[in-house]
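Heads up: the protein sequence lines correspond to chains A and B, in order.
Per this note's numbering, residue 1 is the first one in the first sequence, and the count goes up by one each step.
Per this note's numbering, residue 1 is the first one in the second sequence, and the count goes up by one each step.
Calculated directly from the structure, the hints in this document are not laboratory data.
Please note: incorrect hints may appear among the correct ones.
Said to hold, decoys possible - Okay, derived cross-link-like pairs now, EDC-like style, lysine to aspartate or glutamate, Cα gap no bigger than 20 Å in a straight line:
| no. | chain 1 | residue 1 | chain 2 | residue 2 |
| --- | --- | --- | --- | --- |
| 1 | A | Lys317 | B | Asp45 |
| 2 | B | Lys89 | B | Glu78 |
| 3 | B | Lys55 | B | Asp95 |
| 4 | B | Lys89 | B | Asp119 |
| 5 | B | Lys66 | B | Asp95 |
| 6 | B | Lys55 | B | Glu40 |
| 7 | A | Lys317 | B | Glu91 |
| 8 | B | Lys89 | B | Asp36 |
| 9 | B | Lys48 | B | Glu61 |
| 10 | B | Lys89 | A | Glu280 |
| 11 | A | Lys317 | B | Asp119 |
| 12 | B | Lys48 | A | Glu280 |
| 13 | B | Lys107 | B | Asp24 |
| 14 | B | Lys89 | B | Asp56 |
| 15 | B | Lys66 | A | Glu104 |
| 16 | B | Lys66 | A | Asp199 |
| 17 | A | Lys244 | A | Glu122 |
| 18 | A | Lys317 | B | Asp95 |
| 19 | B | Lys48 | B | Glu84 |
| 20 | A | Lys317 | B | Asp110 |
| 21 | A | Lys317 | B | Glu9 |
| 22 | B | Lys107 | B | Glu9 |
| 23 | B | Lys66 | A | Glu115 |
| 24 | B | Lys107 | B | Glu91 |
| 25 | B | Lys66 | B | Asp56 |
| 26 | B | Lys55 | B | Glu91 |
| 27 | B | Lys107 | B | Asp88 |
| 28 | B | Lys55 | B | Asp36 |
| 29 | B | Lys48 | A | Glu316 |
| 30 | B | Lys48 | B | Asp88 |
Bear in mind the structure is a predicted one, so any value in this text is a computation, not a measurement.
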Amino acid sequence: LSSYVSATDADQREMLEAIGAGSIDELFASIPPSLRLETNGLSPGRSEQEVYNELRALAARNASTEDELSFLGGGMYDHYVPALIDSIISRSEFLTPYTPYQPEISQGGLQAMFEYQTAICELTGLDVSNASVYEGPSAVAAAAYVAKLHHGRARLVVSEGVHPHSRETLRTLAHPWGMEVVEAPLREGITSFEGLDADVSAVIVQQPNFLGAVEDLASLAGAARAAGALTICACDPLPLALLKAPGECGVDIAVGEGQTLGNRLDFGGPSFGFFASTAELMRRLPGRIAGQTRDADDRRGFVLTLQTREQHIRREKATSNICTAQALNALAGVIYLSWLGRRGIVELAELMLQRTAYARERLSGLDGVSLLHEQPVVREFAVRLDAPVDRVIDRCLADGVNPGLSLGPLGYEEGLLVAITEQRTAVDIDRLADVLGAAVAAERSAVVTWPNSGAVSGTQGAEL
Amino acid sequence: VAQASYPEELIYHSEHDWARVDGDQATFGITWYAQDQLGEVVFFDPPKVGATVSKDQPYAEVESVKAVSDVIAPLSGEIVSVNETLSDKPESINDDPYGEGWLVRVKLSDPSETESLMDASSYEATLS
């Protein structure tokens, strides 16, 4: 029976009679009172309508990027998602199936995977892509595991420019592999490696890095290669339309968060991760790879061509178990890329580049705001504030502007990380500059003039 | 090879491996029965030259269209060469398991271990 159909009083009486118990209390008499669920403190049951209204009120306390002017980024970004995507991924052939254990029967699904892989290979400049993994941070850790499989070296060197969540995931997973994770510092906003030696399995960098700076991937990969280590790069896929492809810079494995490709923010997920490598590492890839072939009648067809680490191939020795989960999100990714097209993705990236440059110039021109680094950026940049960052953010939020992400709590120098997408216009950026400038000025005057200024509120005075 | 065959000059391990002993070295491979059970072999993942292998322990993997399987060392020693041609033609393991489909050549560390292996007729008797 469904949980919507409860046992009536008559049903309960009938069941109690059948087993010879006089009441519900008698039925549970053998359970000591101290172990029973104390229900007296709970509110009585409420109607569905009441519960709906309460949950709706709770949900209304969330702010979405459609309600406030948001410059939040830091790994997930507010890009426009065309209606086309929902229209296609909602088709039941894509929406409902579990991973088929006779995959070749789902030619459409395999073709979508194949086209997705092709798009990822073109973006990353690498030979092989798998059919997607769960999300960005676990993709970084999975890439490190490929390095471990490739040569048994014990140390991973990860740049501080890699997303803090990815580094945390990496440390969590690498520890039981018996691998040591060492962090390489950022100097003037970009990664600097020193003393790479023959114990280093892989170096892990991010492009652009967490502070928005474009890394010199070719020279980082060159340093890794000289030490015999692999280079793993976590990439933001849209800036890759303008930047030199990781594969052309000597990167061995490119991974990343796929949210920006046609997936909404959705409170942090689900999204997907992408994973591409050189042909040399092909057999070490986690998950599945779809391939194109010809059938017995010489017709074009698709197969799952390689899945070397999965449980149905390796049984108890499996080292990867990527299931259905993100295939639909990856499908949204390939639809988005097809919708943009070769020219569209470049135009989108150029638009972000121009607006980010404008925003960086506007913000760094404000009193009490300066650039945290001066490296080239594409879609995101970091500034220092001459005022407490969290208070400045609160002031901006009160004016309906979310100015960006506070960097201090993530282990960086205190500052603000500001992200720009095609959804933020020049007018929006001007508004950000006005609101941020006013907020910084207000906090600076609050710090400087208190307690003599009557302009400071009692709350702030008390905290000072 | 369509027909089962178990050459007399080889010695056999119960995990369906053969060894061709030649002085203090031996060549290893998998038997006709093993390749038949695996089906079409698509990849051989060899050990590194210089690696140590121990009798009864896995030293390499073969991947068929059905599954990845360990290859068990019939004898102990050190890898002196691996069959490089298998990277392009892994199907040699199916087509010619005792010839072109050999896997590795090993310098034996304990030649007396050969005494515990089976001859062709004893091995073939275990298959029925």
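Evaluation of the provided hints:
1. For the hint linking Lys317 (chain A) to Asp45 (chain B), the alpha-carbon distance of about 15 Å falls within 20 Å, and the restraint holds.
2. A threshold of 20 Å between alpha carbons decides the hint, and for Lys89 (chain B) with Glu78 (chain B) the separation of about 24 Å lies outside it, so the pair is violated.
3. For the hint linking Lys55 (chain B) to Asp95 (chain B), the alpha-carbon distance of about 26 Å lies beyond 20 Å, and the restraint is violated.
4. For the hint linking Lys89 (chain B) to Asp119 (chain B), the alpha-carbon distance of about 29 Å lies beyond 20 Å, and the restraint is violated.
5. Taking the CA atoms of Lys66 (chain B) and Asp95 (chain B), the gap is about 17 Å. The hint holds against a cut of 20 Å.
6. Only pairs whose Cα atoms come within 20 Å are accepted, and Lys55 (chain B) paired with Glu40 (chain B) is rejected, the gap being roughly 26 Å.
7. For a cut-off of 20 Å, the pair hint linking Lys317 (chain A) to Glu91 (chain B) is broken: about 23 Å separates their Cα positions.
8. As the CA atoms of Lys89 (chain B) and Asp36 (chain B) are separated by approximately 17 Å, the hinted pair is consistent with the 20 Å bound.
9. This hinted pair checks out: Lys48 (chain B) and Glu61 (chain B) have alpha carbons roughly 12 Å apart, not beyond 20 Å.
10. With a C-alpha separation of about 17 Å, the suggested pairing of Lys89 (chain B) with Glu280 (chain A) holds against the 20 Å cut-off.
11. A C-alpha spacing of about 31 Å is found between Lys317 (chain A) and Asp119 (chain B), which places the hinted pair above 20 Å, so the restraint is violated.
12. Using a Cα cut-off of 20 Å, the hinted pair Lys48 (chain B) and Glu280 (chain A) holds, with the two alpha carbons roughly 16 Å apart.
13. This hinted pair checks out: Lys107 (chain B) and Asp24 (chain B) have alpha carbons roughly 6 Å apart, not beyond 20 Å.
14. For the proposed pair Lys89 (chain B) and Asp56 (chain B), the alpha carbon gap of about 26 Å is over 20 Å, so the pair is violated.
15. With a C-alpha separation of about 15 Å, the suggested pairing of Lys66 (chain B) with Glu104 (chain A) holds against the 20 Å cut-off.
16. For the suggested pair Lys66 (chain B) and Asp199 (chain A), the alpha carbons sit about 36 Å apart, so the restraint of at most 20 Å is broken.
17. The straight-line distance between the Cα atoms of Lys244 (chain A) and Glu122 (chain A) is roughly 11 Å, inside the 20 Å bound, and the hint therefore holds.
18. Of the supplied pair hints, the one linking Lys317 (chain A) and Asp95 (chain B) is violated, its CA atoms being roughly 27 Å apart against a limit of 20 Å.
19. For the hint linking Lys48 (chain B) to Glu84 (chain B), the alpha-carbon distance of about 11 Å falls within 20 Å, and the restraint holds.
20. Distance check on the hinted pair: Lys317 (chain A) and Asp110 (chain B) sit about 30 Å apart at the alpha-carbon level, beyond 20 Å; violated.
21. Restraint check for Lys317 (chain A) and Glu9 (chain B): not satisfied, since their Cα atoms lie roughly 34 Å apart, outside the 20 Å limit.
22. Our distance criterion of 20 Å between C-alpha atoms is met by Lys107 (chain B) and Glu9 (chain B), whose separation comes to about 19 Å.
23. Only pairs whose Cα atoms come within 20 Å are accepted, and Lys66 (chain B) paired with Glu115 (chain A) is rejected, the gap being roughly 26 Å.
24. Our distance criterion of 20 Å between C-alpha atoms is broken by Lys107 (chain B) and Glu91 (chain B), whose separation comes to about 26 Å.
25. For the hint pairing Lys66 (chain B) with Asp56 (chain B), the CA-to-CA distance comes to about 23 Å; that exceeds 20 Å, so the pair is violated.
26. Annotation: proposed proximity of Lys55 (chain B) to Glu91 (chain B) is violated, straight-line Cα distance about 26 Å (limit 20 Å).
27. With a C-alpha separation of about 25 Å, the suggested pairing of Lys107 (chain B) with Asp88 (chain B) is violated against the 20 Å cut-off.
28. Of the supplied pair hints, the one linking Lys55 (chain B) and Asp36 (chain B) is violated, its CA atoms being roughly 23 Å apart against a limit of 20 Å.
29. Pair hint Lys48 (chain B) plus Glu316 (chain A) does not hold up; C-alpha atoms about 24 Å apart against a cutoff of 20 Å.
30. For the hint pairing Lys48 (chain B) with Asp88 (chain B), the CA-to-CA distance comes to about 17 Å; that is within 20 Å, so the pair holds.
Of the hints listed earlier, those the structure fails to meet are numbers 2, 3, 4, 6, 7, 11, 14, 16, 18, 20, 21, 23, 24, 25, 26, 27, 28, 29, in rising order.
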